[in-house]
Amino acid sequence: LSSYNVGASYATGPMFASVTTANKFAQFNVGVLYKVNKDLSLASSTTHSSAKACNVAAIGGSYSGLGSVGTIKAKVGSNGVTSACLVKEIAPKVNLTASGSISGTDTSTFKYGLGIAM
Numbered sequence: 001l002s003s004y005n006v007g008a009s010y011a012t013g014p015m016f017a018s019v020t021t022a023n024k025f026a027q028f029n030v031g032v033l034y035k036v037n038k039d040l041s042l043a044s045s046t047t048h049s050s051a052k053a054c055n056v057a058a059i060g061g062s063y064s065g066l067g068s069v070g071t072i073k074a075k076v077g078s079n080g081v082t083s084a085c086l087v088k089e090i091a092p093k094v095n096l097t098a099s100g101s102i103s104g105t106d107t108s109t110f111k112y113g114l115g116i117a118m
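The numbering of the sequence shown is the numbering used here, which starts it at 1 and goes up by one.
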């Protein structure tokens, strides 16, 4: 074997957590999801190793309490990029997604997109 890693997850009530290893157990990746209520969920992704005790890879959330507007999702990555999208079901099993991202506060890095999924 050139590599060996394991993973595990645990869920209870509104919380879900997962742990996976990388680099032959030299690094641990931890994901946590907390469902605050039926409309709001918060999540984080971190890595832990002997070189760096805690590296926050991303923090994000999802809010679906906007009624007919759709679901808003957003995240901030450790690279300074903030991303957000609005997902709207425009017909049964047809979703329209409008998204955008920006690096820090530099408006010249703003990127946007529009997608449809059936």
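Heads up, a few of these hints could be off.
[Said to hold, decoys possible] With a straight-line cut-off of 27 Å between C-alpha atoms, the simulated DSSO-like cross-links for lysine-lysine are:
#, residue 1, residue 2
1, K73, K38
2, K75, K88
3, K38, K24
4, K93, K73
5, K38, K88
6, K52, K88
Hints listed in this document are in silico derivations from the structure and should not be mistaken for laboratory results. Values in this document were obtained by computation on a predicted structure and should not be read as measured data.
Verification of the supplied hints:
1. K73 / K38: The given pair, whose Cα atoms are some 14 Å apart, holds under the 27 Å limit.
2. K75 / K88: holds, 18 Å
3. K38 / K24: violated, 38 Å
4. K93 / K73: Answer holds: K93 to K73 is near 19 Å, not above 27 Å.
5. K38 / K88: holds, 17 Å
6. K52 / K88: Violated, at roughly 39 Å.
The structure does not agree with the numbered hints 3, 6 stated previously, though it agrees with the rest.
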